[in-house]
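Chemist: If you read the protein sequences in the order shown, they are chains A and B. If you read the first sequence in UniProt numbering, its first letter stands for residue 1, the second for the next number, and so on. If you read the second sequence in UniProt numbering, its first letter stands for residue 1, the second for the next number, and so on.
Hints listed in this document are in silico derivations from the structure and should not be mistaken for laboratory results. One thing to keep in mind: the hints can contain errors.
Stated by the list, open to error - Below, computed lysine-lysine pairings styled on DSS-like, alpha-carbon distance capped at 30 Å:
no., chain 1, residue 1, chain 2, residue 2
1, A, LYS24, B, LYS62
2, A, LYS56, B, LYS62
3, A, LYS56, A, LYS24
Unchecked claim - Coverage of chain B stretches by chain A, computed from C-beta distances (three or more under 8 Å per stretch; other residues unrestricted):
no., region
4, 14-22
5, 51-64
Claimed, not checked - A partial selection of chain A residues facing chain B, derived with a Cβ cut-off under 8 Å:
no., residue
6, ALA48
7, THR87
8, PRO90
9, VAL92
10, ALA93
Beta carbons: idealized from backbone N, C-alpha and C, even for Gly.
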Amino acid sequence: MHVSTPEIDIRIPTILRPYTGGEKSVQAAGATLSAVIDDLERRFPGMAERLLEDGKLRRFVNVYLNDEDVRFIGSLDAVISAGDNITILPAVAGGS
Amino acid sequence: MLSISQELVDAIWAHARADHPDEACGVIAGPVDSDTPTRYIPMRNAAMSPTFYEFDSLELLKLYRDLDDRDEEPVVIYHSHTSTEAHPSRTDIAYASEPGAHYVLVSTREELAGANEFRSFRIVDGIVTEEPVQIR
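Isolated chain A, as found in the complex (with noise of 0.2 Å):
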């Protein structure tokens, strides 16, 4: 069964802007997390090797749904609604 789903903005990070043409901001559709990732790799070719690694999210890419960081919402397997938004930040972190 088909079941349309609404386009909802997605922020990209600089470090992604280049698969974006150097927009801030795109939009993508999905019912799920997964499924809006798999819309942004048919827009933007690339993009899913730099979100994820063995079916997961990077540990190092953070991914949040509206205010919530989405792996405390389930993961891949968060689920969207219109009027939504996902902000891509990718971790600030090292060590010595």
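Fit chain B to the given chain A structure using the hints.
Modeler: Below, chain B alone, put in the same frame as chain A:
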């Protein structure tokens, strides 16, 4: 070259010394495209570790929303090394994701006995380039 005020340099040192032996971390924001660090934003090291730092995830989101609202960017991203030199480590290089930022490192390791090691680097596509620091 990084051009930064003495006051901001002092703020980074104060934070690094206060959190020693854990690594301290934070950002100095400035207007977009100005290359001028003006607003000191110490961040919590969520790792609370002497060998690792990571901005708290929700503080990171708030930081970037504030930067957007103010038309600012992270001009400086700083952290301390507490037992090694003030040079980017392999993990620092692997996770560096702001090609426009000056990555400042300070070292609070004890052998320095108070000597100040404050250095600045560009980290772009895994390539580290040290740059001069001008304190104004």
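Chemist: Run every hint past the structure and note whether it holds.
Modeler: Here's how the hints hold up against the structure:
no.: 1; hint: A:LYS24 with B:LYS62; in the structure: holds, 17 Å
no.: 2; hint: A:LYS56 with B:LYS62; in the structure: holds, 24 Å
no.: 3; hint: A:LYS56 with A:LYS24; in the structure: holds, 24 Å
no.: 4; hint: 14-22; in the structure: violated (count 0)
no.: 5; hint: 51-64; in the structure: holds (count 10)
no.: 6; hint: ALA48; in the structure: violated, 17 Å
no.: 7; hint: THR87; in the structure: holds, 6 Å
no.: 8; hint: PRO90; in the structure: holds, 4 Å
no.: 9; hint: VAL92; in the structure: holds, 4 Å
no.: 10; hint: ALA93; in the structure: holds, 4 Å
In summary, the structure is inconsistent with hints 4 and 6 from the numbered list given earlier, while agreeing with the others.
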